[in-house]
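Keeping their order, the protein sequence lines are chains A and B.
Just so you know, the first sequence maps onto residues 1 to 496 in this note's numbering.
Just so you know, the second sequence maps onto residues 497 to 604 in this note's numbering.
Read the hints as simulated data drawn from the structure, not as lab findings.
On a predicted model such as this, the values are computed, not experimentally measured, just so you know.
Heads up, a few of these hints could be off.
To be verified - Ranges of calculated distance between the beta carbons of each label pair, as one might list FRET restraints:
(1) Ser229/A with Asp570/B: 33 to 41 Å
(2) Gln113/A with Asp570/B: 58 to 66 Å
(3) Glu214/A with Asp570/B: 52 to 60 Å
(4) Ile590/B with Ser425/A: 52 to 60 Å
(5) Pro88/A with Lys545/B: 31 to 39 Å
(6) Gln320/A with Arg569/B: 16 to 24 Å
(7) Asp570/B with Pro382/A: 29 to 37 Å
(8) Gln113/A with Asn585/B: 32 to 40 Å
(9) Asp146/A with Ser575/B: 26 to 34 Å
(10) Pro55/A with Ile590/B: 48 to 56 Å
(11) Pro253/A with Arg569/B: 48 to 56 Å
Even for Gly, the Cβ is constructed at its ideal location relative to N, Cα and C.
Take a look at the letters that make up each chain.
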Amino acid sequence: MSTTNSEIGYVSPKTQVRWIPVIGLEVHCQLKTWTKLFCGCRNEFGATPNSRTCPVCTAQPGALPVLNREALELALRTALALGASVAPTSKFDRKNYFYCDLPKGYQISQFDQPYCTGGGITLESGKRVRLTRIHLEEDAGKAIHDRGDTTLVDLNRAGVPLIESVSEADMQTSQEAFEYLTALKEILQYVGASDCDMEKGSLRCDVNISVRPEGEPWRTKVELKNLNSFRNVQASIEFEIRRQVEAYESGDPAQFPVQETRLFDAEKGVTRSMRRKEDAHDYRYFPEPDLPPITVSAERLDRLRSALPELPTARRARYQKDFGLSAYDAGVLTADRALSEFFETVARLSKLPKEASNWISNELLRNLNDPLLPIRSIDELPFRPHDMSLLLGMLDKGEISGQAGRKVLRAMFETGKSPKDLVASLGLEQVNDSAALDDWCREALVGKDKIIADVRAGKTKAVGALVGPVMKASKGSANPQVVQEILLRLIAEMPS
Amino acid sequence: MSDSKPAPSPANAGAPDVLHIARLARLAIDPRQELELREQFTRILEAFKTLSTLNVDGVEPMTRPTDFTDVMRDDREHSSLGLDETLANAPARIETFFSVPKTIGGEQ
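Taking the hints into account, I'd like the entire structure generated from these sequences.
The following block contains the structure:
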């Protein structure tokens, strides 16, 4: 696998020929509107099947679609954040095909006049992956095939707004595809266009992939589907590169890749042929007569552009410059807009940006990811940035130890109480009072002649083994630095 | 781009591939009907060719009979139909799903 990622191209283990993968991605993303694209049914995941339907989205005769203003707004913000050019005029088209999840017999999409073209995403390496276009369309319903002898159809999803972004075939490794998707997802979330929850299907990715020997023209491309995580996107690309190279190197034209759609089997890590791709004209696109064209003025675009939030790349650069954070920490903190805003507020209130970064990217995220706690996202936190900054302040002033701080944070997750109250109720104030500390340290030294001898011989680090028991005796409230000093002093004071 | 359907034989060059069209429409056609359907289809297409004789130089394509643009609605919910009404004419249902003959492998 390293041959796929560490350098450009895949060197065949059989022939040592360097093959260049050619990868483009099509990403469908559900927009976070309250209602569907062309009707007022609620855009809601997980509702009772077919309970969010109306004459428009079930295609009753005579029903007319009307475009949701908010869907266009979110689509435009996405386009601007990706540096795409928005068309002054665009229109909708009918994409015709017959399938049980599509009650009209066509999907309302955009064909030759998408609402935006161009733009792109710059990867960490500086490489630019260009976008061909983004268009607005409606989602199809959901067909379920694995329950009994028939196919079950739920039309709640029919008519949910989607934007489909199509990249140029600019990527050459699975890692580049992963980076592109990660950056695209961040932008979609930052501009508030989508929650990008792959488990709920609000972000779906198809891969177009072919391979060619270095210096040769492009060959037949294959489409990969059923990729429900970014890891699966990567794994399917890696499998497919090897499969296609082996197919060409077999020398048998009957084995060569054909234009087709393949499904990824995540369990086995392989792709399987699903169907031959029908030609584009088989969708018999024609203009949607029920929807008038969309116009977008330059003034509107200026207004939208100036209202865009700071985007992840800019934010990462600012965190490194203004707060002195590492690129890695800046990346962790900006991956999610809510997390990043939480961090900034804590950093500003506490005036301790580094500590805020450490505590948020380590301890706070650890608790967020803990399956034993019910809190999954920043929005669900039962405490506020102000509480977090108080905690950092107490740590900074040495009022509590790091260990106690972790306990307090955990209790904040559990109870939502202020850290000051929790420190008091849990008895975690750092004990710097030497009488109590002296006693605990003396106890810890009892019977530890070997350590005492080592320390006397100049190996002062040996005393570290005794700090733990003292911390335990103090229930985490002692300052380990002070404990170490006292232990050394007591050893020095002992009669030899 | 490779094409999955067979090239028409010289004898039918230019004639519509009715089996292919039937497949797109999910219609089961008896192959014995192919010739008859192809002839009918060809006549229909011929009739429409009349349109191609018109001179449309300088005429903008018109896809709608009105000049409206930007007809939109606010992102406000209306009440949905309700399950009983939505499923009223479904030939078959299971729970609140439409139940249809097994069809795996869609388009899109």
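Now for the hints, and whether the structure bears them out:
1. Ser229/A with Asp570/B: 33 to 41 Å: With Cβ atoms ~35 Å apart, the hint holds.
2. Gln113/A with Asp570/B: 58 to 66 Å: violated (25 Å)
3. Glu214/A with Asp570/B: 52 to 60 Å: For Asp570/B against Glu214/A, whose Cβ atoms are near 55 Å apart, the range 52 to 60 Å holds.
4. Ile590/B with Ser425/A: 52 to 60 Å: holds (55 Å)
5. Pro88/A with Lys545/B: 31 to 39 Å: holds (35 Å)
6. Gln320/A with Arg569/B: 16 to 24 Å: Violated: the Cβ-Cβ distance is about 44 Å, outside 16 to 24 Å.
7. Asp570/B with Pro382/A: 29 to 37 Å: holds (34 Å)
8. Gln113/A with Asn585/B: 32 to 40 Å: Between Gln113/A and Asn585/B, where Cβ atoms are some 36 Å apart, the hint holds.
9. Asp146/A with Ser575/B: 26 to 34 Å: holds (32 Å)
10. Pro55/A with Ile590/B: 48 to 56 Å: The hint (48 to 56 Å, Cβ to Cβ) is violated, given that Pro55/A and Ile590/B are roughly 23 Å apart.
11. Pro253/A with Arg569/B: 48 to 56 Å: holds (54 Å)
Of the numbered hints given earlier, the model fails hints 2, 6, 10; all others are met.
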